[in-house]
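Asks: For reference, the chains in residue letters:
Number of protein chains: 2
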Amino acid sequence: MTVDIAPQLPLAKDFSSFLSLEGAARKKSPLKGLLRFMKDDMISLGGGLPHPSTFPFYSLSAEVKAMGPADATVNGSSLKAVKAQPETVSVPHYPQPGKTESLTATLQYGMGTGLPSLREFCKGHVARMHKPQYRDWDVVLSAGNTDGFAKACSMVCSRGDKVLVEEWTYPAALEMMEPLGVGHIPVQMDGEGMSAVALKDLLDNWGTNPEQAQQAKPRVVYLIPTGQNPTGTTMSIQRRKDIMQVAQEHDLIVIEDDPYYYLQFFVDQQGGWMPSLLSMDTDGRVIRLDTFSKTLAPGCRVGYMSMNPQFCQIVQYHNEVTTQQPSGFSQAILAEMLISHWGQEGYKRYLTENVRMEYLNRSQHLQKSFKAHVSPLLASYNEPSAGMFLWIKIHLEKHPRFGNVSDSALMLELFNKCIANQVLLVPGWQFSCKSKPSDIDPADLLNSWYDDDARYLRATFAYATFEQMEEAMVRFGKTLEDAFAA
Amino acid sequence: MTVDIAPQLPLAKDFSSFLSLEGAARKKSPLKGLLRFMKDDMISLGGGLPHPSTFPFYSLSAEVKAMGPADATVNGSSLKAVKAQPETVSVPHYPQPGKTESLTATLQYGMGTGLPSLREFCKGHVARMHKPQYRDWDVVLSAGNTDGFAKACSMVCSRGDKVLVEEWTYPAALEMMEPLGVGHIPVQMDGEGMSAVALKDLLDNWGTNPEQAQQAKPRVVYLIPTGQNPTGTTMSIQRRKDIMQVAQEHDLIVIEDDPYYYLQFFVDQQGGWMPSLLSMDTDGRVIRLDTFSKTLAPGCRVGYMSMNPQFCQIVQYHNEVTTQQPSGFSQAILAEMLISHWGQEGYKRYLTENVRMEYLNRSQHLQKSFKAHVSPLLASYNEPSAGMFLWIKIHLEKHPRFGNVSDSALMLELFNKCIANQVLLVPGWQFSCKSKPSDIDPADLLNSWYDDDARYLRATFAYATFEQMEEAMVRFGKTLEDAFAA
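Respectively, the protein sequence lines represent chains F and Z.
Under full-length UniProt numbering, think of the first position of the first sequence as 1, with each following residue one higher.
Under full-length UniProt numbering, think of the first position of the second sequence as 1, with each following residue one higher.
The set of hints was computed from the structure by calculation and includes no laboratory data.
Among the hints, erroneous ones may be present.
Short derived list, chain F residues pointing at chain Z, Cβ under 8 Å [said to hold, decoys possible]: (1) Thr106; (2) Leu296; (3) Pro298.
SDA-like, lysine to any residue: derived pairs with alpha carbons at most 20 Å apart [claimed, not checked]: (4) F:Lys417 / Z:Phe37; (5) Z:Lys478 / F:Asp41; (6) Z:Lys417 / F:Gly33; (7) Z:Lys27 / F:Gly181; (8) F:Lys348 / Z:Pro56; (9) Z:Lys393 / F:Gly47; (10) F:Lys27 / Z:Cys433; (11) F:Lys162 / Z:Arg159; (12) Z:Lys39 / F:Gln422; (13) Z:Lys28 / F:Cys433; (14) F:Lys417 / Z:Leu34; (15) F:Lys39 / Z:Ala420; (16) Z:Lys27 / F:Cys433; (17) F:Lys28 / F:Leu49; (18) F:Lys417 / Z:Met38.
By construction, the Cβ of each residue, glycine as well, lies at the ideal position given by its N, Cα and C atoms.
Make the full structure from the sequences, and use the hints.
Replies: The following block contains the structure:
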């Protein structure tokens, strides 16, 4: 498919000056220069590719969910055409008419941008869903969002830099940056995620306190705008606009990590899918990270990065000397399923009717169980509108020993009681961005409850069965009452 | 399976002081600390894993080469039991008796070490084939050898370090290091690959020339011991021992990149597979990189790293914040094929009878075609005993204009004539380790023939058909004669 892009839109600005030492030094691979000679009757003894006849794999197939023919639309009548039985997606050894891919192509070495057909599908999907407001945006496949974030970060952050992050955030992002010598600066959050006011305030007044005087003004912000991990918050449209305005004012690169985007529960009530930060980007400053991990399965290890063409090229070069591209087995199955079977419309319908509904139901079930079994005096949460998480605030001030012992000690005691009562929730401090004592073992939950602000527990409704969720809330409710009893 | 390791062997030495800034800073992920609570009747609302019932994949299968039952042996009678027809490898949605894996497990998030069953298989294979000479070596899966090398390099090299490399080497390795600010120092080669004498000499005399005085003594050597890319050389057993002795004397980390190990043509004549550097490692100083790219298919994007336990742990942590683990589709198919169908013995037989023989035949065919059509006065090569490459030396001294114009100009002219005559070989300079002018476009083959020593062209016999190889040599032979005519 060809992606239509409005010709009146501007081209991306030049963000060369934002490249890290590493990013700026990435170059095209010499061996890839051979490709341009491959035309006419050329016989190549050039690239060291194994001959596909040597692959011991002759065909690949999967039984997958049927989402109807590729040309199905979302209106009622065509929905009826959708088969209830699984359908078989198969990839032949050699190219065949009617097939998008073959094992000959997908199991061979390929481009750092990813399998062309799958990349085009992803680009088409981004064009439909996000419509970036500049002309030359492009898409490169990653091996999932952790891989994509690592590549984005190493492209725009050098040792000594600090990245602006939500005050509670995905720990693996911080763990990725730390060994590179890239620090982080927490930005205050509210019920809609990162506060644009706090972000603006921090940047407007940068350098006015002595600690900041030693530190260059941050140029990169990392955030999870939808169903944020761990707080479950989703930015309103206005908040998104405000964040993008601050990003423009202060010339920031925005890393939009959005794995939960399609886990928006109230798409119908809210008048459609939330506009992404990418959809508001007129400059090419947003690096949007999408993944199939939450929509299809984590084991796909396929994601896609949407961003300006220079960034795409640098990540392509990075791919070429590291991961090369996602697995050919993954790409073959995904391309054949998404392109030959589901189509853009089928995939969108799958997201709307399956992914979204599944997590809506799960979210509501956990909340119902919470309300039935947990005292609202002792704990509460803000209802999430997307994602996988309930961010439970513990009302420590109701604890009989509140003020006599530290909040940390009370939270640790509560966590231990939860474990004793066989219900596991994640301690909030694990997502804290405050600087941790250097001698702490980050993997030790019990001895490290040092953060007095961490009055939270994160519960996910993604994995447990409905029965388990209910039972978990029974246990949690009892544990809380027990812990708060005199 | 359990890997038997001789109890009398020593434990790995401590290589902590070799860790880079990045390597030393890698830590365990806090969220992984949750796993230890998962026992008894614990209900976890902890890890944000999608429920496997949401995966739209219900089964996965592949037609693969049959290598007989898992318990087949290599003796004559059991070989007859091997079926000539492909067999079907299938992976069910949920665990089933008799199956190694299920999609529930393989398409879920997993450990940074890789899928346990596949990792165990790889470890068992390493134990059979390489038998490292220390007790606590271990294996971590990678997304192929480029990914493995990138992770090894970032673990033991900091910005400003320089790595010892063969004077002709795999360009992507240099391209990986360069953006990290990691340089390289070429070590002279001969017909057996890197010279141990040159390596020892360079290190014995380190710091005696003014250029080296500014540079710390190198601590890491990167080499491709078998079917080296691009020269096709394979280290003799003695050379391997000598290299390991220098590595011990000068306390070097050895990165053994060995993708062509199983493409050894003369296993029978030479009395078995060459001993790897890992097989001689008594200290834990070798990081061995293996991959399924050349033995099964590049698109697997699965490799495995064998090394000391500290290095394994650091790469595991690195995986957890980047690629996570290889694709679940790849791992599922490979685990089921290698474990439930082929077994260790079947895989070894596949390597011996298929991979090795295929490349032996290809190598011999290209050599036969070379001898039939290319004048031995104008070009020659050393017969390779492994790998994919013929490293063709051009006898420039026979050129009528030799000495009047630069060697570079003559080689560029020859390359252009090859292209005009529709035969593509890779210019030797692309594999050169000499420092290149900074304004060079590494992807431009034609304008960058600057290295006067680069009198080589690399030809691969891996990809072309037998007919194409013959025709390529006809074209190359004529081109050479034309270029060398007065």
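Asks: A closest beta-carbon separation below 8 Å is what the hint needs, so does proline 298 of chain F meet it against chain Z?
Replies: At 5 Å from the nearest chain Z Cβ, proline 298 of chain F passes the 8 Å test, so the hint holds.
Asks: Is it true that the CA of lysine 417 of chain F sits at most 20 Å from the CA of methionine 38 of chain Z?
Replies: Holds. Lysine 417 of chain F to methionine 38 of chain Z sits at ~15 Å (cutoff 20 Å).
Asks: Run the distance test for lysine 27 of chain Z versus cysteine 433 of chain F: straight-line Cα separation, threshold 20 Å.
Replies: Given pair lysine 27 of chain Z, cysteine 433 of chain F holds - Cα atoms ~16 Å apart, limit 20 Å.
Asks: Is lysine 348 of chain F close enough to proline 56 of chain Z, meaning Cα to Cα at most 20 Å?
Replies: 14 Å, holds
Asks: Has the given pair, lysine 417 of chain Z with glycine 33 of chain F, been kept, meaning a C-alpha gap of at most 20 Å?
Replies: 17 Å, holds
Asks: Quick one, are lysine 28 of chain F and leucine 49 of chain F close enough, alpha carbons at most 20 Å?
Replies: 19 Å, holds
Asks: Please verify whether lysine 393 of chain Z and glycine 47 of chain F have alpha carbons no more than 20 Å apart.
Replies: 18 Å, holds
Asks: Hinted pair, alpha-carbon criterion (20 Å max): lysine 39 of chain Z, glutamine 422 of chain F. Please report holds or violated.
Replies: This hinted pair holds, its Cα atoms lying about 9 Å apart.
Asks: Can the restraint linking lysine 28 of chain Z and cysteine 433 of chain F be considered satisfied, given a maximum Cα separation of 20 Å?
Replies: Status holds; Cα separation ~16 Å.
Asks: Would you mind confirming whether the straight-line C-alpha gap from lysine 27 of chain F to cysteine 433 of chain Z stays at or under 20 Å?
Replies: Since the Cα atoms of lysine 27 of chain F and cysteine 433 of chain Z sit roughly 16 Å apart, the hinted pair holds (cutoff 20 Å).
Asks: Within 20 Å, alpha carbon to alpha carbon, are lysine 39 of chain F and alanine 420 of chain Z?
Replies: Given pair lysine 39 of chain F, alanine 420 of chain Z holds - Cα atoms ~11 Å apart, limit 20 Å.
Asks: Verify the proposed pairing of lysine 27 of chain Z with glycine 181 of chain F, using a straight-line Cα cut of 20 Å.
Replies: 13 Å, holds
The structure is consistent with each of the numbered hints, conforming to all of them.
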